[in-house]
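Produce the entire structure from the sequences given, and follow the hints as far as they go.
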Amino acid sequence: MKLAAQFTIAAALLGFAQAAAAAPAADKPAFVFTAIPDQDETRLAERFGKVAAYLEGKLGVPVRYVPVKSYPAAVTSFVNGDVQLAWFGGITGVQARAKVPGSQAIAQGAEDTAFKSYMIANAATGLKSAPDIQKAIAGHTFTFGARTSTSGRVMPEYYLRRTFDDKAPEQVFPRVGFSGDHSRTIQLVQSGAYDVGVVDYSVWDLDRKAGVVDESKVSVIWQSPPFPDYQWTIRGDADATFGAGFTQKVKDTLVGIADPAILAPFGRSKFVPADNAEYAPVEVVAKAAGLLN
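All letters in the sequence shown, in the order written, are residues -22 to -1, 1 to 271 by mature numbering (1 follows the signal peptide of the UniProt record, and there is no 0).
In short, the hints are calculated from the structure, not lab data.
There could be a bad hint or two in this list.
Claimed, not checked - Have a look at the derived ranges for each label pair, beta carbon to beta carbon:
1. Lys106 with Lys47: 31 to 39 angstroms
2. Ala188 with Ala236: 29 to 37 angstroms
3. Lys36 with Val190: 47 to 55 angstroms
4. Lys77 with Lys195: 38 to 46 angstroms
5. Phe156 with Arg186: 36 to 44 angstroms
Unchecked claim - Taking lysine-lysine pairs in the DSSO-like style, the calculated list, with each CA pair at most 30 angstroms apart, reads:
6. Lys6 with Lys47
7. Lys195 with Lys94
8. Lys6 with Lys36
9. Lys187 with Lys94
Positions of the beta carbon are idealized from the N, C-alpha and C atoms, including for glycine.
Put into structure tokens, the structure is as follows:
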């Protein structure tokens, strides 16, 4: 009986010890992140679910991905402190960092240092890639992606205005739309709902690989000059919330991702360090377009 009692007491003490050891982990605040909804929701859930699991395993805190419905909603969540990290486009990143002191761009895809937009056209238009193709699209219906998309609206519009003597798109095209995301833009142009559109080149490539692009119906007719785009941005108060050095730890963890299963859904070969200064050209265009007011 005494031996049994001793085992019971020992087991109880072990249980208390395990509970005590687990308590600090349970008490740690969750590290929450979001992303601009630039393509199919199912694809985004798969992509960022893998990122959340990876970060949680490396950072030692609970990590959660929270989807949002629009580009402005991603910025608002970041500004309000509902999330501490976000995968932004160039414009949304500039907008968010302008409103949250100390926020930093910490990592980007290797391809994001020289990103590009594709202009695509429905085959029925007869438009083909050519040196003066931008002039040839005048008079056709045209769709952008989201209104604050760097590659799906802001940078393409910047180049269009340079081509058409600073005329607004509405002065060049009989109908101008905003699809909301790149995958939707591809489908609208492919179906003939719009003659021409602009998209993130990496989403075009991913959709082609997924078999949802019919190149007998839609094709790339123009490629933009390079510009900086997507990046991971973290709030300036992350260290105060999660401990000294946490921001650097997140940066190192993102840059250290080598698993193709995580990188492939991004259409990126790897993540590399980033900083706010790299996005100065995008900030200039955003200010000129009135997107930082």
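Unmet hints by their number, sorted upward, for this structure | Per hint list: 2, 3 and 5 violated.
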